[in-house]
Amino acid sequence: MTGGAIALAIVAVVLAGTVAFALIGVHRVRMDPAQYIVGGRSFGTVLLWVLLAGEIYTTFTFLGIAGLSYSQGAPAFYVMAYGACAYVIGYYLTPAIWRVGKERGLLTGADFFGVCFNSRALGVWVALLQFVMIVPYVALQLSGLQILLQIAGYGAYPATASVCVAFIVLALFVFTTGLRGTAWASVVKDLLVLGAVIFAGIAIPVRFFGSPARMFDHVLQTHPQMLTLAPGGAYHGTVWFVSTVLLSAIGFFMGPHSWNAVYSARSGDTLRRNAALLPLYQGFVSLMIFAGLTAALVLPGLKGPAVDQSFLLVVSRYYPPWIVGVVCSAGALAALIPASALLLGGASVITKNVAGDVFGLATGDRARTMLTRVLVLVVAMLALVFWLTSQRTVVEMLLIYYNGITQFLPGVVATFLWRRATAWGVGAGIAVGLLVAVPLAAFNVATWGINPGLVGLAANAIVVVAVSLAADDGTRATSR
Amino acid sequence: MRPTPPSGASWLRLLLAAIPFAALSVLVPVANRVEPRIFGIPFLLAWIVGWVLLTPAFLWTIGRLERHW
Chain D
1 MTGGAIALAI VAVVLAGTVA FALIGVHRVR MDPAQYIVGG RSFGTVLLWV LLAGEIYTTF
61 TFLGIAGLSY SQGAPAFYVM AYGACAYVIG YYLTPAIWRV GKERGLLTGA DFFGVCFNSR
121 ALGVWVALLQ FVMIVPYVAL QLSGLQILLQ IAGYGAYPAT ASVCVAFIVL ALFVFTTGLR
181 GTAWASVVKD LLVLGAVIFA GIAIPVRFFG SPARMFDHVL QTHPQMLTLA PGGAYHGTVW
241 FVSTVLLSAI GFFMGPHSWN AVYSARSGDT LRRNAALLPL YQGFVSLMIF AGLTAALVLP
301 GLKGPAVDQS FLLVVSRYYP PWIVGVVCSA GALAALIPAS ALLLGGASVI TKNVAGDVFG
361 LATGDRARTM LTRVLVLVVA MLALVFWLTS QRTVVEMLLI YYNGITQFLP GVVATFLWRR
421 ATAWGVGAGI AVGLLVAVPL AAFNVATWGI NPGLVGLAAN AIVVVAVSLA ADDGTRATSR
Chain B
1 MRPTPPSGAS WLRLLLAAIP FAALSVLVPV ANRVEPRIFG IPFLLAWIVG WVLLTPAFLW
61 TIGRLERHW
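So the sequences go chain by chain: D and B. Counting in our numbering, the first sequence runs from 1 upward without gaps. Counting in our numbering, the second sequence runs from 1 upward without gaps.
Hints are all accurate, no fakes.
Going by beta-carbon spacing under 8 angstroms, a handful of chain B positions derived as facing chain D:
#, residue
1, Pro20
2, Ser25
3, Val28
4, Arg33
5, Pro42
6, Leu44
7, Trp51
8, Val52
9, Leu53
10, Pro56
11, Trp60
Simulated restraints, written as ranges between beta carbons of each label pair:
#, chain 1, residue 1, chain 2, residue 2, range
12, D, Gly232, B, Ala57, 27 to 35 angstroms
13, D, Ile198, B, Ile19, 24 to 32 angstroms
14, B, Pro29, D, Asp365, 52 to 60 angstroms
15, B, Glu35, D, Val385, 51 to 59 angstroms
It should be emphasised that the hints constitute simulated quantities derived from the structure, not laboratory data. Every value quoted in this text rests on a predicted model; they were computed, and no experiment measured them. C-beta: ideal position from N, C-alpha, C; glycine also.
Take these sequences, add in the hints, and give me the full structure.
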């Protein structure tokens, strides 16, 4: 067997094994909409921890941190910092959202807005925005998957075709098992990623330099500026770092699929425990920084998107095919598990907030589960077509995702802390936030080094307050 | 629902949350240097990873004080 055949066979076996494991985990669970979309609001600490770690740590974590460390060094550390900051916010925010979800029987993030501001129109507006954000984000995961399968096949097999096969299997898997299946599959993914990360961050530096500490010696000798940030408002300097950490921490739990996971908790304390424990997983992921820096020394000279492959190229050049297979399996699951959560998130907002709330379709339990399932396949096909036809625009669409999800936060905070906020204020705030942040990010407008999303967020908050006060219709946001 | 009220003043609990948050955001520029290296890891990276690993201790303590567990 060639190296590519061995590595790809391992990837295929791991993916099939993960699907089988999850199918066993969910067999005999009866599927009503609450079970299918939010796991029956019954996940305990362990299953929820596994699910959250499963959907938070994507291929970007796996490949992107190493790639950013490879090409830029210290700016990559922001990923570590914002995760932990996000869990501090999440400790307070997620139990509050969960309680509203439990008391009002919410299924989606858009539900939260529709119910708390008593405005179906706001719910639909949020649902449509979330849907538009999900498709390119799934496509990004497919791009990550393609890199992994290309490396696993040593370039000898058509990666695009294997991506399509893997993704169709995934869509059918989500169709069958819903959120609970994703949680079970995350068990395998989290463990494999953990193993791969420890290998990448410890074993690879040890092999080339004797120890991670010696690896840092080499980095400091050859690139003395690489492990500290440029001062102040410089490109990727300290101002950028702090503002990006704040922005990303704020947006962390606002992803369209995160809502399903928050609602799936058994209790508010389950979410608090998770917020307290997830930084430990985050700490392990920092080993990918070691891996990226090692790759920068061992295999210098990669440019552009190729930097994301840096550490995988080191593995495929210096290690046997079976290790390549295991590492790529971990990476493939890191693409597919978040993608499955995203498919479910995208399908559920359309079923509930558009088909159900606007057109009065599929409001019964059986019809709603069925429609969500069918829409999982539809969203999957849309994402696949989007990915196959417009790979260049994925990056631009992602600007909408990262800058966009954060814009949902002012409305959420207002429901708990400023009840005079109105549906019009929140809806207009989201729109203005997007209109400010996305062009600033797309055209690289200099904003004194401050992340454009944070500028958009400030505009958003001002508009929420101004519109709510100017057009006070007497309504009060209510989280009860 | 809860048998006993939270212990510790509420400002203390908020401070416990603010410490790791600030250390990983606004205080990062203060830690922006290579020396001293901790176990060979440059100071900035050691600072960030260290605080990430300490965050659970802070959040867990808050949970205890609020009698969530």
